[in-house]
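K.L.:
Single-letter residue listing:
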Amino acid sequence: MMKRNLTTHHSATLSAMERQEEDEDRVKLFGFWSSPYVYKVEWALRIKGIQYDYIEENLENKSDQLLEYNPVHKKVPVLIYQGKPIAESEVILEFIDEAWKHHGDRILPEDPYDRAMARFWVRFGKDTLSPPIWKWFTTQGQEQEAAYAAAVEQLQILEKELDGKRFFAGEKMGLVDLSLGPFSYIIPIYEEITGVKLIKEEKLPSLLAWMDNFLNSSIVREHLPPMDKLKLRCQAIREAFLKNTN
Amino acid sequence: MAGEKRKGLQLLDFWVSPFGQRCRIALDEKALPYEYLEQDLGNKSELLIRSNPVHKKIPVLVHDGRPVCESLIIVQYIDEAFSSSSSLLPSDPYARAQARFWADYIDKKVYDCGTRLWKTKGEPQQQARKEMVEILKTLEGALGDKPYFGGDEFGFVDVAFVPFTAWFLTYERFGEISVEKECPKLAAWAKRCGERESVKKNLSPPEKVYEFIATLKKKFGIE
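Protein sequences, first through last, are from chains H and U.
Yeah, the first sequence ends on 246 if you go by the UniProt record's numbering, and it's all consecutive.
Yeah, the second sequence ends on 223 if you go by the UniProt record's numbering, and it's all consecutive.
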């Protein structure tokens, strides 16, 4: 199974220059343990069977390297390929699909129209679905109720699009699945913390099944964030937001 | 009539929309004939609602009856579906990733900040002005000394950003930002792009953009 390599693995007989070249050739990923965007990239690398070095960032004290590689957004994930950085998870996913075109499964479909549709649903997840879910999780009272209703409305649109398929991409997971994938473990955590069910079987059966398919897939189940730690973090985030609005 | 799939390309659009203009420019760069359908955004057509039921927004490209939404998705679709004519995106995966990164940056930053520039006053406007200068300088940095963002050829990032050059005058008058002064290389790039047929034909005249925003401001009761 693909593991994160924390050190390069070569003998001392390599010359300094060879070591530098080798080092430059290694794929690296700057990440943060709880970031869903980082996980999307890691699952994609696993789909393609790509070995990589993982560098954990402390987001409260970002490394000089990260700031040098992503001066514009100063965020993770950043993928380093042949010494050159690529930032923004969706950009990285498409890059992985193209750079390792002949490795593993396709991440984006081949047909231009299907590709456009995949990109549309990725954007939907980011711009239309995420905000009300986040709002629902970080508010209370009327504001929370309104956000809940908005989230359910968007989830129903997604439910219709999924329409009983195993994955959004069909039999195997693809770009949309990777992009929406973190919801499959984040939403249950949010539900547990708020005590409210967002994805109900009666209303969103395909999505519920998809969440299960996603979490149990061989690629994903081998690599998920530590759930207890994540739940504590989410709890702290919710508390901080509620405190701020009072 | 209902089941018939219309052949060819139609673009559902709104005249001043920089997002729509991206699509028009891309279509012209690829020499693709299409039918332009101006939409009334205050009274959305059945065609628009049917073509983009999720967002009900323009632009929408309809190709042989099938709709594609979101301007940058449309531009990439045009590039991929009509790959025999000159490419808007480079062929190298790393270069493509860089192009997508900058197009995404433009999408995330320019329109929102530009809107705050003319919609707000006082402190929020000062903040927007500061941000816009930073955004423009960042883009100027990405451009460097190249003739276009893509290098020697007009490409994806140029298409993504060029419609906003028609808004520079509006930013100047309402936001007191001189692009010429703050980012001379960017201003030169804008002029260079303006000499292309596809850009000349499809950008709104800056004075028209200004008039449009001035009317909106009155409508919203700003200033």
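One thing to keep in mind: the hints can contain errors.
Here are the computed lysine-lysine pairs in the DSSO-like style, where the Cα-Cα straight-line distance is at most 27 Å [said to hold, decoys possible]:
#1 H:203 x H:62
#2 H:74 x U:56
#3 H:101 x H:48
#4 H:48 x H:200
#5 H:74 x U:44
#6 H:200 x H:160
#7 U:185 x H:135
#8 H:126 x U:185
#9 H:101 x U:30
#10 H:62 x U:57
#11 U:44 x H:160
#12 H:126 x U:146
#13 H:135 x U:137
#14 U:108 x H:84
#15 H:62 x U:146
#16 U:121 x H:231
#17 H:75 x U:56
#18 H:172 x H:135
#19 H:84 x U:44
Residues on chain H that point at chain U, a partial pick, calculated with CB under 8 Å [unchecked claim]:
#20 68
#21 69
#22 87
#23 98
#24 99
#25 119
#26 124
#27 211
#28 215
#29 238
#30 242
Just so you know, these hints were derived from the structure itself, not from any lab.
Fair warning: this is a prediction, and the values are worked out from it, not measured in the lab.
Even for Gly, the Cβ is constructed at its ideal location relative to N, Cα and C.
K.L.:
For each hint, tell me whether it holds in the structure or not.
P.N.:
Each hint tested on the structure:
no., hint, verdict
1, H:203 x H:62, "violated (43 Å)"
2, H:74 x U:56, "violated (34 Å)"
3, H:101 x H:48, "holds (9 Å)"
4, H:48 x H:200, "violated (34 Å)"
5, H:74 x U:44, "violated (40 Å)"
6, H:200 x H:160, "holds (15 Å)"
7, U:185 x H:135, "violated (41 Å)"
8, H:126 x U:185, "violated (33 Å)"
9, H:101 x U:30, "holds (26 Å)"
10, H:62 x U:57, "violated (39 Å)"
11, U:44 x H:160, "holds (23 Å)"
12, H:126 x U:146, "violated (32 Å)"
13, H:135 x U:137, "violated (33 Å)"
14, U:108 x H:84, "holds (23 Å)"
15, H:62 x U:146, "violated (31 Å)"
16, U:121 x H:231, "violated (41 Å)"
17, H:75 x U:56, "violated (32 Å)"
18, H:172 x H:135, "violated (31 Å)"
19, H:84 x U:44, "violated (46 Å)"
20, 68, "violated (14 Å)"
21, 69, "violated (12 Å)"
22, 87, "holds (6 Å)"
23, 98, "holds (4 Å)"
24, 99, "holds (4 Å)"
25, 119, "holds (5 Å)"
26, 124, "holds (7 Å)"
27, 211, "violated (21 Å)"
28, 215, "violated (26 Å)"
29, 238, "violated (26 Å)"
30, 242, "violated (26 Å)"
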